[in-house]
Amino acid sequence: MPDITHAATGDRPQRKPKRPKIPRTEIPCQPAKQRATNFEEVTLGYDSDMAMLEASRCLLCKKPKCVLGCPVGIDIPAVVRLIAAGDPAGAIAKLKETTSFPAVCGRVCPQEEQCERLCVLGVKQEPVAIGRLERYAADWEFAHGASAKPQTAPRKGKRVGVVGSGPAGLTCAGELAKMGYDVTIYEALHKPGGVLVYGIPEFRLPKAIVARECDYVESLGVEIKVDYVIGRTLTVDQMLADGHEAIFLANGAGLPSFMDIPGENLNGVYSANEFLTRSNLMKAYRFPEYDTPIAVGKKVAVIGGGNVALDAARTALRLGAEVHLIYRRSLEEMPARGEEIHHAEEEGIVFDLLANPTQIIGDADGWVKEIEVIDMELGEPDASGRRRPVPVGGSERRIPVDVVIVSVGTNANPLLTKSTRGLELTKRGNIVADEHTLATSKEGVFAGGDIVTGAATVILAMGAGKTGARSIDRYLQGQPLLTAEEEEAILASSPVTGVAS
Amino acid sequence: MASGPPGRVNCQRSRSAPLKYDAADCKKRDMYRILERVDYSDDVYMQVIEAPAVAAACQPGQFIILMIHEEGERIPLTIADFDREAGTITIVVQAVGTSTRHLQKLGRGDSVSNFIGPLGMPSEIENVGTVICAGGGVGVAPIYPIARALKEAGNKVISIIAARNQDLLFWEDKMREVSDELIVTTDDGSRGRHCLVTEPLKELCEAGGIDLVYAIGPGIMMKFCAKTTQEYGVKTFVSLNSIMVDGTGMCGGCRVSVGGETKFVCVDGPEFDGHLVDFDLLMSRQRQYLSQEKESLDAYLLNAAVTIDA
Numbered sequence: 001m002p003d004i005t006h007a008a009t010g011d012r013p014q015r016k017p018k019r020p021k022i023p024r025t026e027i028p029c030q031p032a033k034q035r036a037t038n039f040e041e042v043t044l045g046y047d048s049d050m051a052m053l054e055a056s057r058c059l060l061c062k063k064p065k066c067v068l069g070c071p072v073g074i075d076i077p078a079v080v081r082l083i084a085a086g087d088p089a090g091a092i093a094k095l096k097e098t099t100s101f102p103a104v105c106g107r108v109c110p111q112e113e114q115c116e117r118l119c120v121l122g123v124k125q126e127p128v129a130i131g132r133l134e135r136y137a138a139d140w141e142f143a144h145g146a147s148a149k150p151q152t153a154p155r156k157g158k159r160v161g162v163v164g165s166g167p168a169g170l171t172c173a174g175e176l177a178k179m180g181y182d183v184t185i186y187e188a189l190h191k192p193g194g195v196l197v198y199g200i201p202e203f204r205l206p207k208a209i210v211a212r213e214c215d216y217v218e219s220l221g222v223e224i225k226v227d228y229v230i231g232r233t234l235t236v237d238q239m240l241a242d243g244h245e246a247i248f249l250a251n252g253a254g255l256p257s258f259m260d261i262p263g264e265n266l267n268g269v270y271s272a273n274e275f276l277t278r279s280n281l282m283k284a285y286r287f288p289e290y291d292t293p294i295a296v297g298k299k300v301a302v303i304g305g306g307n308v309a310l311d312a313a314r315t316a317l318r319l320g321a322e323v324h325l326i327y328r329r330s331l332e333e334m335p336a337r338g339e340e341i342h343h344a345e346e347e348g349i350v351f352d353l354l355a356n357p358t359q360i361i362g363d364a365d366g367w368v369k370e371i372e373v374i375d376m377e378l379g380e381p382d383a384s385g386r387r388r389p390v391p392v393g394g395s396e397r398r399i400p401v402d403v404v405i406v407s408v409g410t411n412a413n414p415l416l417t418k419s420t421r422g423l424e425l426t427k428r429g430n431i432v433a434d435e436h437t438l439a440t441s442k443e444g445v446f447a448g449g450d451i452v453t454g455a456a457t458v459i460l461a462m463g464a465g466k467t468g469a470r471s472i473d474r475y476l477q478g479q480p481l482l483t484a485e486e487e488e489a490i491l492a493s494s495p496v497t498g499v500a501s
Numbered sequence: 001m002a003s004g005p006p007g008r009v010n011c012q013r014s015r016s017a018p019l020k021y022d023a024a025d026c027k028k029r030d031m032y033r034i035l036e037r038v039d040y041s042d043d044v045y046m047q048v049i050e051a052p053a054v055a056a057a058c059q060p061g062q063f064i065i066l067m068i069h070e071e072g073e074r075i076p077l078t079i080a081d082f083d084r085e086a087g088t089i090t091i092v093v094q095a096v097g098t099s100t101r102h103l104q105k106l107g108r109g110d111s112v113s114n115f116i117g118p119l120g121m122p123s124e125i126e127n128v129g130t131v132i133c134a135g136g137g138v139g140v141a142p143i144y145p146i147a148r149a150l151k152e153a154g155n156k157v158i159s160i161i162a163a164r165n166q167d168l169l170f171w172e173d174k175m176r177e178v179s180d181e182l183i184v185t186t187d188d189g190s191r192g193r194h195c196l197v198t199e200p201l202k203e204l205c206e207a208g209g210i211d212l213v214y215a216i217g218p219g220i221m222m223k224f225c226a227k228t229t230q231e232y233g234v235k236t237f238v239s240l241n242s243i244m245v246d247g248t249g250m251c252g253g254c255r256v257s258v259g260g261e262t263k264f265v266c267v268d269g270p271e272f273d274g275h276l277v278d279f280d281l282l283m284s285r286q287r288q289y290l291s292q293e294k295e296s297l298d299a300y301l302l303n304a305a306v307t308i309d310a
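Heads up: the sequence lines are chains G and D, in that order. Each residue of the first sequence is one higher than the one before, counting from 1 in this note's numbering. Each residue of the second sequence is one higher than the one before, counting from 1 in this note's numbering.
Bound-form chain G, shown alone (with noise of 0.2 Å):
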């Protein structure tokens, strides 16, 4: 890395030496060798000093860009000056007025596509580092003790039900309950948190944050509801006669995908959703303390290039194994974090790269003995944009393993969406709903989330909920969904800017 604070000290001449170039500030990691045995967080935060040198660096644009790249328009400058100035807790209460979870969002947020990408600083130095300032607010306010509670409006006496407890669902039931509904999330699993909880491991997000945030939320007054699967202990419907006034549907992305070559129901094969629940939600981890097993052998193929094909990776690695990661594609494809395949690597994680798997071989015992793959090179780019692999013949080779995680995508789960009268469905099994409303086919009822749009990020479900919740609001006072002033400025930005994205 360039020594970018000598070359500020005047070795060469500035034409405008208006401020001294700080570099981005480092975040602390546990070594890479010690976190590769433990399930600790990898990344440790920013301390006071850290992030006041780090929110020092905003240039404090008048027109600040790094707003429109965040999906719920958090106002950044504001809150990095706050830091700047040794106001975390002024920064805490900003950060609040626009999203609920700080905490989670400062760890998992892809910031680098999204606010980051926006920095002007970003142009010629490395941008401010907006989300491990985020977080370092949010674990200030953790370590300071008791939050400020957000002021809610008087109660209105109307019910809201919200389905899922996962960043939409707990977005928009906390934004309903600030505005005075009375609103129960029904959570299918034993606990609240979703893909916080079952989905994203322990050393990406402690389960401490994300029961802290769901307490957070029961404090605005809302009720959860675990054990309750909306389509088979309840029904849409059946909460609809039952007295909520309107639901929000947010249920999630749902089946894992298989990629249907022979033996993918092998034992040791698994889906990266159910290798990631066995640990995270289960706490597979700590067997057997926890009475749930894992299988992990010696050696592990990981299938997959996303997030969650990584945070299987890191999991298996944690518990012993060889970790091979096989993606049809080259690094630069790869659509996991950058943060991620760059911690990946330095743990050890091996990158199979333009490899896809053909078959997986089993033993006389029915378990998992190699995997078959073939190289892929890469042609021209697809309807994604991005180059489409190839394979190529006759460069089979088998890859002796223990255990197969398949993290190849997921698919919409029925069991909501059949069970419910009068609700349209994408060809793929999602919900249909407004793109600025999220108002469904069905009276009364709205979705957002994984359940329409498919898997996405945590952020973006964030904003769905927040979204959710505005039209909800709306059509509870009898309101149009949207303002006059918003139809204008949809049909003004058609197409749609696509920053988010």
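Take the hints with a grain of salt, since some may be wrong.
Claimed, not checked - Simulated restraints, written as ranges between beta carbons of each label pair: (1) R286/G x R287/D: 18 to 28 Å; (2) E36/D x R286/G: 48 to 58 Å; (3) V390/G x M283/D: 36 to 46 Å.
Unchecked claim - Residues on chain G that point at chain D, a partial pick, calculated with CB under 10 Å: (4) L234; (5) A253; (6) L266; (7) F275; (8) R278; (9) M282; (10) R286; (11) T292; (12) I361; (13) D365; (14) G366; (15) N413; (16) P414; (17) S441.
What the hints contain is simulated information worked out from the structure, not anything from laboratory work. Because the structure is a prediction, the values reported are computed rather than measured. Ideal Cβ positions, reconstructed from N, Cα and C, are used throughout, including at glycine.
Once you have looked at the hints, place chain D on chain G.
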């Protein structure tokens, strides 16, 4: 209320502050009470558990998932009976591993931390004519509500209940009540006919007039029941008991092969056409965690012994 009695809120924190959420506090939470336990043998026991929301919604053929405590597994169990008014679910369990051994120790006054359901698709109950309901081992429990529903729908119900020996037999009276004819078999001849379940099944199919068969029990029993009926072309439903985690389609751990297609037992099943199920794959996948299950059980038993000593 349209949806019947309200389900229980599975934690007290929605009613009282403070709102901490960790394993220790979970023990204080409001749980699902066990109202009754009856031991049928050293290994097989019945429990009646209070779960009003599940009892209000469940249908024959569906299952539940329960967790004994925060550190426990989610274990799927088929619903053996239900009482909507009392808000209870009855389960019959064979103690084999850590969780089922632990659950065996719990009785009236105890509770489990989580009870989720109903899960899976209900049985398709229609009046088709004459139906055989064959239950093997603890499979007698889930076949009972199906037999009852088939009888209520107007079918002639012939039931076969089978066990290794007479000590392992249960619910003979209950099954007789909902059947036009009841056949009991034991492997050792200690009660009823001295044969396997497939023998009377074959005779009945041979005699003709059978429109449908339900066979529920261990994988090997269902495999051979399906093989028997296939010869006579009698449609046969089996209820599969694969390993699962969430039970809502999210993990895919319960996948089985039916007619060459991969299906999820938890959302597509648990009942499938027995003539299309790959039973060998099912049974192989059921053995996936044998070594860990043993390790866990050994640790549990050791711990239990230490607790008793102290």
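Hints and how they fare:
1. At about 24 Å, the beta-carbon gap between R286/G and R287/D stays in the expected band of 18 to 28 Å.
2. Distance hint for E36/D and R286/G: a CB-CB separation of about 33 Å, inconsistent with the stated range 48 to 58 Å.
3. Distance hint check: the CB atoms of V390/G and M283/D are about 40 Å apart, consistent with the given range 36 to 46 Å.
4. The interface hint given for L234/G is met, as the beta carbon of that residue sits about 6 Å from the closest beta carbon of chain D, less than 10 Å.
5. For the restraint placing A253/G at the interface with chain D, the shortest Cβ-Cβ distance is roughly 9 Å, inside the 10 Å limit, so the hint holds.
6. A distance limit of 10 Å between C-beta atoms decides the matter here; for L266/G the minimum to chain D is near 8 Å, and the interface restraint holds.
7. The interface hint given for F275/G is met, as the beta carbon of that residue sits about 9 Å from the closest beta carbon of chain D, less than 10 Å.
8. Hint status for R278/G: holds, given a least beta-carbon distance of 6 Å to chain D, under 10 Å.
9. Look at M282/G: its Cβ gets to within about 7 Å of chain D, closer than 10 Å, so that hint holds up.
10. The criterion of a C-beta within 10 Å of any C-beta in chain D is met by R286/G, whose closest approach is roughly 8 Å, and the hint holds.
11. A hinted interface residue such as T292/G counts as satisfied when its beta carbon comes closer than 10 Å to some beta carbon of chain D; here the least separation is about 5 Å, so the hint holds.
12. At a threshold of 10 Å, the smallest CB-CB gap from I361/G to chain D is about 15 Å, leaving the interface hint violated.
13. The closest approach between the C-beta of D365/G and any C-beta of chain D is roughly 7 Å, which is under the 10 Å cut-off, so the hint is satisfied.
14. Evaluation of the G366/G hint against chain D yields a held restraint, the C-beta minimum of about 4 Å falling below 10 Å.
15. Checking N413/G against chain D by beta carbon gives a least distance of about 5 Å; that is within 10 Å, so the hint holds.
16. A cut of 10 Å between beta carbons decides the hint on P414/G: the least distance to chain D is about 7 Å, and the hint holds.
17. With a cut of 10 Å, the hint placing S441/G at the interface with chain D is violated, because the nearest CB-to-CB distance is about 22 Å.
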